[in-house]
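*Asks:* Between the sequences and the hints, there should be enough to build the whole structure, so can you do that?
Residue numbers (the working numbering), protein chains in the order written: chain E, 1 to 591; chain U, 592 to 782.
Don't take each hint at face value.
Derived pair list, reagent style DSBU-like, types lysine-lysine, alpha-carbon separation capped at 35 Å [said to hold, decoys possible]:
1. Lys94(E) <-> Lys30(E)
2. Lys31(E) <-> Lys44(E)
3. Lys33(E) <-> Lys690(U)
4. Lys44(E) <-> Lys33(E)
5. Lys44(E) <-> Lys636(U)
6. Lys712(U) <-> Lys636(U)
7. Lys623(U) <-> Lys690(U)
8. Lys602(U) <-> Lys394(E)
9. Lys44(E) <-> Lys30(E)
10. Lys636(U) <-> Lys31(E)
11. Lys31(E) <-> Lys94(E)
12. Lys636(U) <-> Lys30(E)
13. Lys690(U) <-> Lys636(U)
14. Lys94(E) <-> Lys690(U)
15. Lys623(U) <-> Lys602(U)
16. Lys94(E) <-> Lys636(U)
17. Lys44(E) <-> Lys94(E)
18. Lys690(U) <-> Lys44(E)
19. Lys94(E) <-> Lys33(E)
20. Lys636(U) <-> Lys33(E)
Covered stretches of chain E, as calculated for chain U (at least 3 residues, CB under 8 Å) [said to hold, decoys possible]:
21. 288–298
22. 336–343
23. 376–383
Okay, the calculated bits of chain E under chain U, using three or more residues with CB under 8 Å as the criterion [said to hold, decoys possible]:
24. 143–157
25. 201–210
26. 314–320
Derived from the structure by calculation, the hints contain no laboratory data. Keep in mind it's a predicted model, so treat the numbers as computed, not measured. Here a beta-carbon is modelled for each residue, glycine too, at the ideal position from N, C-alpha and C.
The lines below spell out each chain.
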Amino acid sequence: MSKSHPTNESEASADTEELSEEASDEQTAKKTKGAHSVVTALEKAEVEITFGVQGGAIMPVYDALADSDIHHVSMAHEQGASHAADAYGIVSGKPGVTITTSGPGATNLVTGIADANLDSDPIVSLTGQVPQDMVGNDAFQETNTMGITSPITKANIFATSPDTVGDDVGTALALAAEGRQGPTLVDLPKNVTTSETEVEPSEPTVPEAYQVPPDEADPHSVEAAAETLAAADRPLILSGGGVIKSEASDQLREFAIEYGIPVVTTMPGLGSFPEDNALALEMGGMHGTGYANMALSHCDVLLGIGTRFDDRLTGGIETFAPEAEVIHVDIDPAEISKNIHADYPLIGDAGAVIEQLHAAMPGEPDAEAWRDRTMEWKATYPMGYETPQDEAVKPQFVVEAMDEAAADDAIVTTGVGQHQMWAAQYWTYTEPRTWVSSNGLGTMGYGAPAAVGAKLAAPDTQVIAFEGDGSFLMTSQAIAPAVRENLDITVAILNNSYVGMIRQWQDAFYDERRYESEWDWGPDFATLAEAYGAQGLRAMGYDEIPEVIEEAFAYDGPSVIDFHVDPVADVYPMVPSGGNNAEFALEADHL
Amino acid sequence: MAGPAPEDREKPTGRRNSQGIRIDPRAEAEAKPRRTVISALVDHKPGVLAKVSGLFARRQFNIESLTVGPTVDETMARMTIVVEEPEPGIEQAKRQLRKQVHTWSVREVEGAIERELALIKVDGHDPSGVAALAEMHGGQAVRADDEVVTVELTGTEAEIDAAIAAFEQFGVHEVARTGTAALASGTRSTA
Ligand SMILES: Cc1ncc(C[n+]2csc(CCOP(=O)(O)OP(=O)(O)O)c2C)c(N)n1
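*Replies:* Quick look at the structure:
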């Protein structure tokens, strides 16, 4: 439009013409569109992969992306894009980025953004928007993306100028990763991405007002906390997702092992402490192990690190760790005493604070008797299930068989339901960033698209998705991009022909009225997988399990295994919602 | 799954209150609500007010008033929020506010000077009576129309409540109030 090559001014002398041509060349070299600034900002932040779906309002950004080395993965649904980005963020530690259009392109992301928000996962959503002069007019594919996403983002930014849009994207990337991680969004009106600018985006930074939490906690508080912990008779560590997010798993291991303190993990904290260590009591809470919940209920000092004391973990507040003085390490001051009063609030980065505590410990707690008690609880309340060979396959067995066959560092993604809980309980997590799940929001359908994002973040690592038949049905279209990208992933469906977790609750709390929970009308998943171009497998009995797992693992590309499992197996132990962790049920009669 | 039933297990003895505080026999009672004024300096940008009010609404904080206005620095706005909440709630509110990316500082205003502006449209059958009452309450009648007199008043929330109650004797047609603005006293900074 505004190309300034002299065309009609041929009257100009040869000299001046040459000069002005030089000048204008220089100008066109500097002038780019807002969309290019968006892409430049992504490149400056070393974004390598983006996920999304095209659409009118975002087309300028896609057009600019065509000239970039960034690998864009078109997903079949924006929800899948957001989960893929979320998993990418969890596995790589760097923000996962989505690029989608306005209106439905933005609203389809909402579930994924809310999911990332509850799990503090770093994702950046770039959404197209109608041109600014049409905003508010109910234009085609206009939705108030800022308004809708405000409560579920750490920050969202409405880009207003091609000169600043690159910085807006940089800010969103920086904010998603800085401090307590979380989702951010930049809404990109089409006129902003199509207008010209000469401004290069600067290095990504967080807004000046943003309070960057200190790495180290107040040393006096650390000292007091260390003294209390060292004097404890029944010390316990509760390790949350923050330990993984801050790369503090090594420090945690050293600390727990040196001072002989048993460790319970939250669900997002799975993998932060190796479950094959004698001090590991594994996951606590609603479907946590009996020994983890006994330890939580009887400890006298509880060191919670990077956890928000979610209600699925605490059960009823009144009965949570009722005898414990609480030391709470968190990077977000707003988490301190939100749910559980912190007697020793330590605000800082998990790794740095663990090191501070380590240095401040006056000695080792005298906790041998307590450790013995935790070992007794392990013996008294063992995790387990029976496998009568003439009955349907137990879903827990499938999880263990997969774990046995898979690489030690394999990454597990999950859907939501019973299968998620079995995947949490019966897989042995030993490394951080190997548990990739929808912990806080409980989003059915998370597993398959998350496997896509996880595999792209860690191409050399094995990725396994545990899904339910109901959950997989919600996002099975993610297999299409997995086939196109030739991602070597395995989706294991624990197919019980029920939305099993609902059926379990109906049996337990609704007089066994299994209303609308029988899902025997789903597709044949092996055939569905083949239709997508993936390898489809099926296992009906115990004897078929080793073979299908081997086939799936041997196949270079996505495989889907439809495991037909016991339709009425239940997840235990269970602490009913709001219940007392010490009173976990081991069977229906205990509820 | 193996193991003794819940009633056959060893039981912890302690308890927490609903605020997650370990119950200490000395202070078993739950905290009582307290009224306080919170002041926040935020970036003067669109969306910040919506975000903050959304935040308070979601947590069902008991807000008496929330006002926003410019400050001496034109890039910033001051929010003044009057809440009545039990102790952990007030602390939570401050922390949630502080963690917003556009918030510069947050404080509970100690020894606050609090004022609110009200416009009160009073029935005009006795204009001089209305004017006299307005003066008594430190305000003034700012406009007399055919049937109503409009009074302007500033004062603390309680003073304005009292004034409005007093004007009821003439009949009050409409009231518009601004909510509380507050500054810390002396050289102490507000937020
Ligand atoms: C998007 C969404 N909708 C509804 C629910 C409620 N919900 C939780 S678990 C569950 C059943 C899941 O069934 P399935 O995927 O078959 O897994 P299973 O429990 O049988 O392992 C449902 C409907 C949810 N968590 N997410």
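*Asks:* For each hint, tell me whether it holds in the structure or not.
*Replies:* Verification of the hints:
1. Between Lys94(E) and Lys30(E) the CA atoms are separated by roughly 30 Å; this keeps the pair inside 35 Å, and the hint holds.
2. Restraint check for Lys31(E) and Lys44(E): the C-alpha separation of about 18 Å stays at or below 35 Å, so the hint holds.
3. With a C-alpha separation of about 34 Å, the suggested pairing of Lys33(E) with Lys690(U) holds against the 35 Å cut-off.
4. Taken as a hint, the Lys44(E) and Lys33(E) pair is honoured in the structure, with Cα atoms around 16 Å apart against an allowance of 35 Å.
5. A C-alpha spacing of about 26 Å is found between Lys44(E) and Lys636(U), which places the hinted pair at or below 35 Å, so the restraint holds.
6. In summary, the hint linking Lys712(U) to Lys636(U) is supported, as the alpha carbons are separated by about 33 Å, within the 35 Å threshold.
7. Only pairs whose Cα atoms come within 35 Å are accepted, and Lys623(U) paired with Lys690(U) is accepted, the gap being roughly 25 Å.
8. Distance check on the hinted pair: Lys602(U) and Lys394(E) sit about 32 Å apart at the alpha-carbon level, within 35 Å; holds.
9. Distance hint between Lys44(E) and Lys30(E) is fulfilled; the C-alpha atoms sit about 17 Å from each other, no more than 35 Å.
10. A C-alpha spacing of about 28 Å is found between Lys636(U) and Lys31(E), which places the hinted pair at or below 35 Å, so the restraint holds.
11. Under the criterion of a C-alpha separation no larger than 35 Å, the hint pairing Lys31(E) with Lys94(E) is consistent with the structure, at around 30 Å.
12. Distance restraint check for Lys636(U) and Lys30(E): the Cα-Cα separation of roughly 30 Å lies within the 35 Å cut-off, and the hinted pair is therefore satisfied.
13. A threshold of 35 Å between alpha carbons decides the hint, and for Lys690(U) with Lys636(U) the separation of about 16 Å falls inside it, so the pair holds.
14. Between the alpha carbons of Lys94(E) and Lys690(U) the distance comes to roughly 21 Å, so the proposed pair stays at or under 35 Å and holds.
15. Taking the CA atoms of Lys623(U) and Lys602(U), the gap is about 31 Å. The hint holds against a cut of 35 Å.
16. Distance hint between Lys94(E) and Lys636(U) is fulfilled; the C-alpha atoms sit about 28 Å from each other, no more than 35 Å.
17. At most 35 Å may separate the alpha-carbon atoms for a hinted pair to count; Lys44(E) and Lys94(E) meet this at roughly 13 Å.
18. This hinted pair checks out: Lys690(U) and Lys44(E) have alpha carbons roughly 27 Å apart, not beyond 35 Å.
19. Simply put, Lys94(E) and Lys33(E) have alpha-carbon atoms about 27 Å apart, close enough for the 35 Å limit, and the pair holds.
20. The hinted pair formed by Lys636(U) and Lys33(E) meets the criterion: a straight-line CA distance of about 25 Å does not exceed 35 Å.
21. A count of 4 residues in the stretch 288–298 of chain E with a Cβ less than 8 Å from any Cβ of chain U is obtained; the coverage claim is therefore met, three being the minimum.
22. Closer than 8 Å: that is the beta-carbon criterion, and the stretch 336–343 of chain E has 7 residues meeting it against chain U, so the requirement of 3 holds.
23. Coverage of the stretch 376–383 of chain E by chain U holds in this model, with 4 residues showing a Cβ closer than 8 Å to a Cβ of that chain against a need of three.
24. For the stretch 143–157 of chain E, the assignment as covered by chain U holds, since 7 residues bring a beta-carbon within under 8 Å of that chain's beta-carbons and 3 suffice.
25. Given a C-beta distance limit of less than 8 Å, the hint that chain U covers the stretch 201–210 of chain E holds, as 4 residues qualify and 3 suffice.
26. Residues of the stretch 314–320 of chain E lying with their CB closer than 8 Å to a CB of chain U number 4, which satisfies the three-residue condition for coverage.
In this structure, every one of the numbered hints holds.
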